[in-house]
Amino acid sequence: MKRRHPHRAKRLAATPETGILPFKIAPAEKNIGRPKGRIALRHRDWIATIVLTAAASCAPTIATRAFDDTIYPALNGQWTRASVPGATGQPSFDPAKPPGRGQQAPLTPEYQAKFEANLADRGASGLADVISTTCVAPGMPMMMQAYAPMQITVLPETTYILIDHVHESHRRIFTDGRTWPKAAQPTFTGYSVGRWIDEDGDGRYDVLEAETRHFKGPRLFDSSGIPLHEDDETVVKERIYLDKADKNLLHDEITVIDHALTRSWTVTKNYRRTLDPQADWPEYICNEKNPFVRLGGETYKVSPDGYLMPLRDNQPPPDSRYFTQPKK
Amino acid sequence: MALAAALGITTVAALAFDESKYPDWKGAWRRMAFPGIAGQPSYDPTRRGGDAQGAPLTPEYRAIFEANLKDQAAGGQGTDPTYTCLSPGMPRVMTTFDPFEIVVTPQMTNFLIQHIHDSRRIFTDGRNWPKEIVPTFVGYSIGRWIDTDGDGRYDVLEIETRGLKGPRSFDPAGIPLHADNQSIFKERVYSDKADPNILYDEITTIDNALTRPWTATKKYARLPVKQPEWSEIVCHEGNGHVEIGKEGYFMSGDGHLMPAKKDQAPPALRYFKQR
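Which chain is which? The protein sequence lines are Z and G, in order. Per my numbering, the first sequence starts with residue 1, numbered consecutively. Per my numbering, the second sequence starts with residue 1, numbered consecutively.
Just so you know, these hints were derived from the structure itself, not from any lab. Don't take every hint at face value.
DSBU-like cross-link-like pairs, simulated, lysine-lysine; straight-line CA separation at most 35 Å [claimed, not checked]:
| no. | chain 1 | residue 1 | chain 2 | residue 2 |
| --- | --- | --- | --- | --- |
| 1 | G | 186 | Z | 289 |
| 2 | Z | 216 | G | 246 |
| 3 | G | 165 | Z | 216 |
| 4 | Z | 216 | G | 186 |
| 5 | G | 246 | Z | 301 |
| 6 | G | 246 | G | 186 |
| 7 | Z | 182 | G | 226 |
| 8 | Z | 114 | G | 273 |
| 9 | Z | 182 | G | 262 |
| 10 | G | 193 | Z | 289 |
| 11 | G | 70 | Z | 301 |
| 12 | Z | 289 | G | 226 |
| 13 | G | 261 | Z | 301 |
| 14 | Z | 247 | G | 131 |
| 15 | Z | 301 | G | 262 |
| 16 | Z | 301 | G | 165 |
| 17 | Z | 289 | G | 261 |
| 18 | Z | 244 | G | 21 |
| 19 | G | 26 | Z | 244 |
| 20 | G | 165 | Z | 289 |
| 21 | Z | 237 | G | 262 |
From the derived model, a few chain G residues whose C-beta atoms are all more than 10 Å from chain Z [said to hold, decoys possible]:
| no. | residue |
| --- | --- |
| 22 | 70 |
| 23 | 71 |
| 24 | 150 |
| 25 | 235 |
| 26 | 269 |
Virtual Cβ for every residue (Gly too), placed ideally from N, Cα, C.
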């Protein structure tokens with residue numbers, strides 16, 4: 001259960017409107033007296049900064065536009081998926097459980113049947129999943145598997161999560177105090193609104209809560225083919241926070257609410273900070289690595305020598321109805 | 001108290017990211033069109049695409065360009081690979097087809113460009129060039145901030161980019177860069193002095209397909225929208241081009257393979273039992 005200092009503002013977020021200070025002082029705080037810890041120092045700092053800067057340069061706005069990144073957790077940088085002892089094969093939605101049926105996804109009977117069909121298709125063709133073979137974006141929640149290094153950048157108005165795998169996915173979690181738009185273009189990554197929480201009342205944010213809506217599909221939970229509902233009315237809720245004992249370990253507690261499920265499904269993903277500040281950022285061009293072609297509802301493979309190949313026994317070749325020239 | 005607070009301020013300020021030192025490049029930027037320039041945008045936005053660019057190509061690469069134009073007229077793509085969703089790479093990604101975002105932090109500036117695979121990272125953390133670079137289509141970029149007028153605020157981001165892979169072309173007409181991928185790009189990105197909602201990217205390309213460095217200046221306008229809607233472009237979604245081996249085909253509306261050129265034969269089916 002989230003602990004919140006009883007006298008703190010419910011949400012401390014810089015907004016374009018307030019814009020000047022990196023946090024907003026709720027009226028109740030002013031009447032209570034000196035806030036705890038670093039907040040007190042920061043208030044005095046700001047007041048003194050403004051006075052001194054005004055005296056020195058007659059430009060009070062310079063200091064007031066500084067972004068105090070010390071009140072945010074140190075999330076900036078590169079993160080990679082934490083390995084799970086004993087786990088083999090493709091990573092799963094719930095890293096704590098075996099893949100495929102072992103995930104025990106709380107699917108409705110209709111979507112359990114779709115999942116079984118995906119497993120059968122995978123067994124026949126050997127494909128990991130249909131989406132990746134077509135180079136269409138994995139979207140949420142699957143992109144948070146972080147098959148490739150993940151960049152997180154925290155700024156007051158937005159937290160960016162960038163992952164280049166299959167598709168160059170740009171997540172923006174808006175923390176500028178906005179409300180949900182009346183309409184939003186559906187995307188694979190969805191539209192995310194977040195807020196920073198100071199759970200322990202030490203004057204520093206430690207949890208980013210995010211909610212994501214407005215999806216398009218098709219999307220899967222993971223590469224075993226656990227499907228999300230085709231109505232794309234998924235809601236994803238997250239709590240993103242650093243491990244209390246290890247600041248180089250990041251947790252993303254993801255809860256998916258979806259009509260393919262009988263109940264909401266919560267898992268926790270873990271990531272390790274890359275300590276090399278000049279680590280590589282691999283470029284993933286899906287088509288360079290993808291030998292699959294989808295024609296007429298069937299998936300084929302292009303051989304290394306550049307010819308179409310069947311993926312399963314007795315798979316018919318693609319229809320050539322539009323060609324006037326004979327086959328080669 | 002003021003002095004003690006000042007001492008405290010020094011510590012806090014040293015940790016703070018002072019955004020005011022950097023130009024305000026927040027928001028959504030869109031490529032500006034130039035009057036009278038129609039058709040596909042090109043490297044030099046002040047000229048029409050293709051031959052009208054006046055690219056200073058060597059005779060060898062002029063011949064490749066001519067062959068590209070001929071192949072495109074016949075329904076092909078020439079040496080331009082983007083129809084299969086390969087990244088346009090540098091310098092073409094800076095043409096930008098949808099509004100893009102610039103995210104500035106002290107260590108890095110991200111250009112978030114949704115198109116095919118066009119986003120860039122500019123490292124401004126003072127690093128040296130690595131001994132080895134894994135080649136990419138957008139290259140490896142090192143930048144530095146410059147305060148050209150000495151007012152205590154940066155106003156120009158200078159960038160150098162190396163470590164490219166290909167094939168790449170300057171524009172959709174297929175003006176080619178050299179197959180050796182030894183391109184170097186030097187850029188100066190800066191706001192208009194009179195209008196901070198206009199941004200310039202002065203790009204100089206040094207490439208062995210050219211007889212001399214080629215400089216063009218891109219121009220972008222900031223959209224007057226407080227909460228821009230950011231598009232998601234997934235190239236493969238609805239892409240009607242299919243490449244099998246070295247041949248390009250089309251996908252029909254009903255999902256079947258179609259020829260892209262007149263009298264093009266269907267793909268060989270040597271690996272199929274049923275024909």
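Hint-by-hint comparison with the structure:
no.	hint	result
1	186/G to 289/Z	holds (30 Å)
2	216/Z to 246/G	holds (33 Å)
3	165/G to 216/Z	holds (33 Å)
4	216/Z to 186/G	violated (39 Å)
5	246/G to 301/Z	holds (14 Å)
6	246/G to 186/G	holds (33 Å)
7	182/Z to 226/G	holds (15 Å)
8	114/Z to 273/G	holds (30 Å)
9	182/Z to 262/G	violated (48 Å)
10	193/G to 289/Z	violated (45 Å)
11	70/G to 301/Z	holds (30 Å)
12	289/Z to 226/G	violated (39 Å)
13	261/G to 301/Z	holds (23 Å)
14	247/Z to 131/G	holds (31 Å)
15	301/Z to 262/G	holds (25 Å)
16	301/Z to 165/G	holds (25 Å)
17	289/Z to 261/G	holds (26 Å)
18	244/Z to 21/G	holds (33 Å)
19	26/G to 244/Z	holds (33 Å)
20	165/G to 289/Z	holds (15 Å)
21	237/Z to 262/G	violated (52 Å)
22	70	holds (21 Å)
23	71	holds (18 Å)
24	150	holds (14 Å)
25	235	violated (8 Å)
26	269	violated (5 Å)
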